[in-house]
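K.L.:
Now for the letters of each chain:
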Amino acid sequence: MRSKHEAFEFHATLDDLDEGLDVLHRSIERLRQATGRAADDRPLMLFETALGEIGSNVLTHGRPAGAERPVDYRLRFVRGVVEASLTDAGAPVHEHLAREMPGHEHESGRGLAMARSLLDELGYERDGGVNRWRLVKRL
Amino acid sequence: MSLDVQSRQADNGATVVAPTGRLDVAGAPALKDAIAEAVKNGPARIVIDMEGVSFVDSTGLGSVIAALKQIRSSQGELRLAAPNQQVRVVLELTTLDRVFPYFATVEEALAGL
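Order-wise, the sequence lines are chains A and B. Positions 7 to 145 (our numbering) are the ones given, in order, by the first sequence. Positions 3 to 115 (our numbering) are the ones given, in order, by the second sequence.
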């Protein structure tokens with residue numbers, strides 16, 4: 007039986023798309039195991055889907071050519087709420103935040119709209135030269 | 003984890019494309035390549051067997067939309083089979099379940115194709 011007081015923390019720096027995505031998914035698997043959740047736990051699956059969207063955006067666009075700063079990734083679970091943060095040195099992305107779900111014929115542009123609808127909170131701030139993303143969901 | 007894609011010819015002549023792994027921004031090009039090969043080599047009646055796909059993201063979904071466009075442009079047909087819970091949720095969230103008919107099994111998808 008799960009405890010309401012369970013807690014979990016994970017931290018990694020990511021500097022490669024394929025390996026970075028592996029780390030994101032592995033971190034969710036570790037959270038799943040640490041909290042005794044089933045493989046088909048729906049809230050955690052929805053969170054993982056949102057994390058995959060923001061994570062792939064950050065790993066694709068958040069490491070501009072010449073930038074040596076890796077993506078900083080943190081995951082924590084406290085009192086039933088999972089929160090991920092991703093910090094990258096890419097260009098600001100304000101103009102994309104309000105993007106709606108595109109029509110069926112479009113092959114791209116769904117990621118942020120999907121993440122927004124899957125999370126309780128999707129935060130973004132430009133802090134100096136970095137982007138800070140915050141993903142929150144009650145499980 | 004890269005996406006592995008196997009293709010085979012079904013008894014009715016349709017092509018079954020079976021990706022295994024994560025169909026995400028890293029894996030999508032492999033599916034695109036497999037679809038392009040299937041369209042080039044034979045009848046554009048294709049079932050994508052999603053049973054081995056553990057996770058899909060919007061870029062992976064985009065590769066399926068690209069496949070649909072490519073196949074329909076050659077008067078062909080594309081069906082999805084055996085998507086897991088996560089894939090179904092993403093299809094429903096994006097309302098693409100209205101565009102891609104999906105079937106519980108490959109056999110059901112092949113019937114009448």
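If you are wondering where the hints come from, they were derived from the structure by calculation, not from laboratory data. Be aware that one or more of the hints could be misleading.
[Said to hold, decoys possible] Covered stretches of chain B, going by a simulated chain A footprint (3 or more residues, C-beta under 8 Å):
#, region
1, 17 to 30
2, 54 to 60
3, 63 to 74
4, 86 to 92
5, 95 to 106
A virtual CB, placed ideally from N, CA and C, is assigned to each residue, including glycine.
K.L.:
Decide, hint by hint, whether the structure agrees.
P.N.:
Tested hints:
| no. | hint | result |
| --- | --- | --- |
| 1 | 17 to 30 | holds (count 4) |
| 2 | 54 to 60 | holds (count 3) |
| 3 | 63 to 74 | holds (count 6) |
| 4 | 86 to 92 | holds (count 4) |
| 5 | 95 to 106 | holds (count 6) |
Going through the hint list in order, the structure satisfies each hint without exception.
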